[in-house]
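**Student:** Listed below, chain by chain, are the residues.
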Amino acid sequence: MGVKHWMIVALLALAAAAHAGPTVESWQTSRGTKVMFVNAPDLPMVDVRVVLDAGSARDGDLAGLAGFTSAMLTEGAGEWDADDLALRLEERAIQLGSGSLRDMAWVNLRSLIEPEVLEVALDSAAAVLAEPRFDADALERVRQQMQIAVRRSLQSPSTVAKQRFFQTLYADHPYAHPPSGTEASLAAISRDDLERFHRRYYAAANAVVAIVGAVDRQTAEDIAERVTRRLPVGQHAPALPAPPAVSGSELRESFPSTQTHIYVGQSGMARHDPDYFPLYVGNHVLGGGSLVSTLGEEVRNKRGLSYSVYSYFSPMRVQGPFLMVAQTKNEQADEALQVMRETLLRFVEQGPSEKELEAAKQNLIGGFPLRIASNGKIVTYLAMMGFYDYPLDWLDTLPGKLAAVNVAQVRDAFARRINAPGGIAVIVGGSG
Amino acid sequence: MLCVRTCLAVLLLAALPAVAEISEFRLENGMKIIVKPDHRAPVAVSQVWYRVGASYEPDGITGISHALEHMMFKGTKDVGPGEFSKTISALGGTENAFTGRDYTAYFETLAVEHLDKALELEADRMRNLLLDEAEFAKEIEVVKEERRLRTEDKPSGKVYEQFNAVAWRASPYQTPTIGWMNDLEQMALEDLADWYRRWYAPNNAILVVVGDVQPEAVLEMANRHFGPLPAGDTRGQKAPAEPPQRGETRVEVKVPARQPYLLMGYKTPVVGHAEEPWEPHALFVLSSVLDGGNSARLARELVRGKGIAASAGADYDTYSRLPGMLLLDGTPRDGRSIAEVEAALREAVARLRTELIDEAELQRVVTKAIASKVFQADSLFAQAMEIGMLETIGLDWRLLEGEIEALKAVTPEQVRTVAQRYLVDENLTVATLTPLPMEQQARPAVAADGGRHGS
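Chains as they are written, first to last, in my numbering: chain A, 1 to 432; chain B, 1 to 455.
Note that these hints are calculated values from the structure, not bench results.
The C-beta atom is built at its ideal place from N, Cα and C for all residues, glycine as well.
Careful, some of the hints might be misleading.
[What the hints assert, rightly or not] List time: in silico DSS-like cross-link candidates among lysine-lysine, alpha-carbon distance up to 27 Å:
hint	chain 1	residue 1	chain 2	residue 2
1	A	Lys-377	B	Lys-77
2	A	Lys-302	B	Lys-138
3	B	Lys-86	B	Lys-154
4	A	Lys-355	B	Lys-373
[As the list claims (entries may be wrong)] Incomplete in silico selection of chain B near chain A, CB under 10 Å:
hint	residue
5	His-39
6	Ala-137
7	Ser-311
8	Lys-368
[Stated by the list, open to error] Counterexamples of contact, computed for chain B against chain A with all Cβ distances above 10 Å:
hint	residue
9	Ala-41
10	Glu-69
11	Pro-81
12	Glu-120
13	Asp-153
14	Pro-269
15	Glu-276
16	Arg-304
17	Glu-359
18	Trp-397
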């Protein structure tokens, strides 16, 4: 008891010491876009990340529509076609890119703060966000590039397994289909579809701007205004439906590979889940630590079954998945699956030991400064915090919340949330 | 127009972070210590680089550097198996290792007050590793799984391995870093013990620390932990020179896949192995003119203009221990063939042999290089990598200071000259991936209430 008490005191001290998060400022642009800003004066550069609720969860019947729209942004915008745009950016070494996943679409800008350079960077970003041209030749080219990317990704048993897992877990929910779309769904998307999607979701009210760099508040306000000024005000995307309740099943699929890829999991948690911290810290013990975890010990270190074994919760707007992943040579697939399931079952029944939990907390709290050690990392956090409506002091309060998690909470949360014997298992590999 | 761009490059040059603050020390046992302070956050990255990697490995034990890297986490006299990782983890750190053709490196990223512990642990495993038979028996299986994941089941990985195997007649760059499967099968603990004794010594190692540190303090720590270690008898490894290639080499790789792929490489010099010192920089410029971004020639002409390739790229490393290759790769668009992509890439190369590149293209390369220096300064890890990679192949980190000047000095004529000298058919290797059917068939989902647990 004395030892435990001492450890808690030590952790709280550690949490307090790690308290020095960056000072986050926030405001709204004149058109209603939320802005998150951290001043980082050391390097003569600025990162701007604009995130929109325009991920594949908004695809509707056209899988890949959000991804296709995002991919078209930098293929010509405003008065510039794809060639012009690439040239004006690269003459000034400006990095401008776009992407999307299930919840979120984003446009990233990284530029030196030399005024002439920044000027061009901001104008280009504003055009890319608000005025993509969807030129016919670019559109057909990107469609094919995306179809080819889909084919290439399906050369990997891991991609196939993960896609099957999401399809099984989410059934007819908008998280079910792959954000990349399918060859057929991409073929069916028209220019009208892209323009309609863009008009609806690339709107000031549906966007958050995060800025980190060697600019003062006034300049940051100006940056946010300029980047979003051509967007329609529009509306925030509607709430997503709750995922369906899916009971456990096992899916085996054969694949011409020497390894079998195993995905085992179930419904996990949402961003503002009341069990967020117990589940997050608990999973760090189970399979979250990079070289130190229970799954790593059982599957890799003790038995040499797999190179890469881990588990994670993917917290999303509505419940994201909880997943355990491993891959092993085909003959050992059943053994690996069994070890993974037994490890989870034991973890849910017994929870982590005091010592394991303390070690995980020490890693997470002590590692906190590393997570915010670069502008690139901070801007990603800011955008995420803005997107999911986290309070401004979220980074500051994080170490304290991690420190407060105890074994009973983890055991209780896992017992309520994780149905160890009932999960979905997808097994893809040679001789299935 | 030209002036606008040139003036811009001059302006950007002012943005360059000073690199003069790097400190270099050498311990009495020969270990080199390089420290670069970066006080933006209270963290530090420590990297210990050993001058050994896949290109040092004789046939029959390929993959041994990488296998040993795995075993370095399995304990010493004082630190039990897995304890290294647990200790760093409990200090909030992340740690891992990586093996390449020319190096094996171990790193920790952690709050700066724990740097001392990281160095203590690294020093311990530099000379005191326990190589245990039971641990090895399991770990070599993990390595084989890694090979299956990265190479056996990955079409592009397979192509790359075959490509290197046929491109090099004698150069050890033919060796896959992960090792051939059969060599992993026959690898023995004594092989690892020999390898460890031979290469893991302070006089064959470089410590690079970047972060919120004072150079003298790091030296003091390094001296305390690494100083007592005895120097080793590191004789180096004689590398066979690659004989001149006398004609084009081709290899076809047939594996289950859905998409064809093309990889081409011209043998080229690198810094330290060039006839004239500007050649590698001219090759870097050439590679960037082809693939320095979306405005570069391959994206503009092959992907967008002619619409032959879905993707096309070029890659060249200015620095490596032995001469390497300028690589080109591509994937055809639907309705186009691998042969058309190859013809288009060859045509792009032929143009470089006959025509001068534009001043504007050259300027874009310089501008990008300057900005990259600034952007790279945002990452402690990238800063340490850059230094470690140079040092480990026997080059001086001070070369980094002259990099921009070296690029600015490259002329369009020099770019044409290196194209004429090196990017010629006699010097070319071509690998193509021919997809075999994947014969994929789904089985019906089985309801398994309660799972198959215990079955």
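**Student:** Please go over all the hints and tell whether each is borne out by the structure.
**Tutor:** A quick look at each hint next to the structure:
1. Annotation: proposed proximity of A/Lys-377 to B/Lys-77 is violated, straight-line Cα distance about 38 Å (limit 27 Å).
2. With a CA separation close to 7 Å, the supplied pair A/Lys-302 and B/Lys-138 stays within the 27 Å bound.
3. Among the hinted pairs, B/Lys-86 with B/Lys-154 is inconsistent with the structure: their alpha-carbon atoms are about 32 Å apart, more than 27 Å.
4. Among the hinted pairs, A/Lys-355 with B/Lys-373 is inconsistent with the structure: their alpha-carbon atoms are about 43 Å apart, more than 27 Å.
5. This hint holds: B/His-39 has a C-beta 8 Å from the nearest C-beta of chain A, less than the 10 Å allowed.
6. A distance limit of 10 Å between C-beta atoms decides the matter here; for B/Ala-137 the minimum to chain A is near 7 Å, and the interface restraint holds.
7. Taking 10 Å as the C-beta contact cut-off toward chain A, the hint placing B/Ser-311 at the interface holds, the least distance being around 7 Å.
8. At about 5 Å, the closest approach between the beta carbon of B/Lys-368 and any beta carbon in chain A falls short of 10 Å, and the interface hint on this residue holds.
9. Chain A draws B/Ala-41 into its interface by the beta-carbon criterion, the shortest separation being 4 Å against a cut-off of 10 Å.
10. Non-interface call for B/Glu-69 relative to chain A: holds, since the shortest CB-CB distance, roughly 13 Å, exceeds 10 Å.
11. A beta-carbon of chain A comes within 10 Å of the beta-carbon of B/Pro-81; the shortest separation is about 8 Å.
12. Look at B/Glu-120: its CB is around 17 Å from the nearest CB on chain A, clear of 10 Å, so calling it non-interface holds up.
13. For B/Asp-153, the non-interface assignment is contradicted: its Cβ lies about 4 Å from the closest Cβ of chain A, within the 10 Å cut-off.
14. The claim that B/Pro-269 is not at the interface with chain A holds, since no C-beta of that chain comes within 10 Å of its own (minimum 27 Å).
15. For B/Glu-276, the requirement that its beta carbon stay farther than 10 Å from each beta carbon of chain A is met, with the minimum near 28 Å.
16. Some Cβ of chain A comes within 10 Å of the Cβ of B/Arg-304; the nearest lies about 6 Å off, and the non-interface call is violated.
17. Separation of B/Glu-359 from chain A is adequate, the least Cβ-Cβ distance of about 12 Å exceeding the 10 Å criterion.
18. Every CB of chain A lies more than 10 Å from the CB of B/Trp-397, the least distance being 20 Å, so the non-interface label holds.
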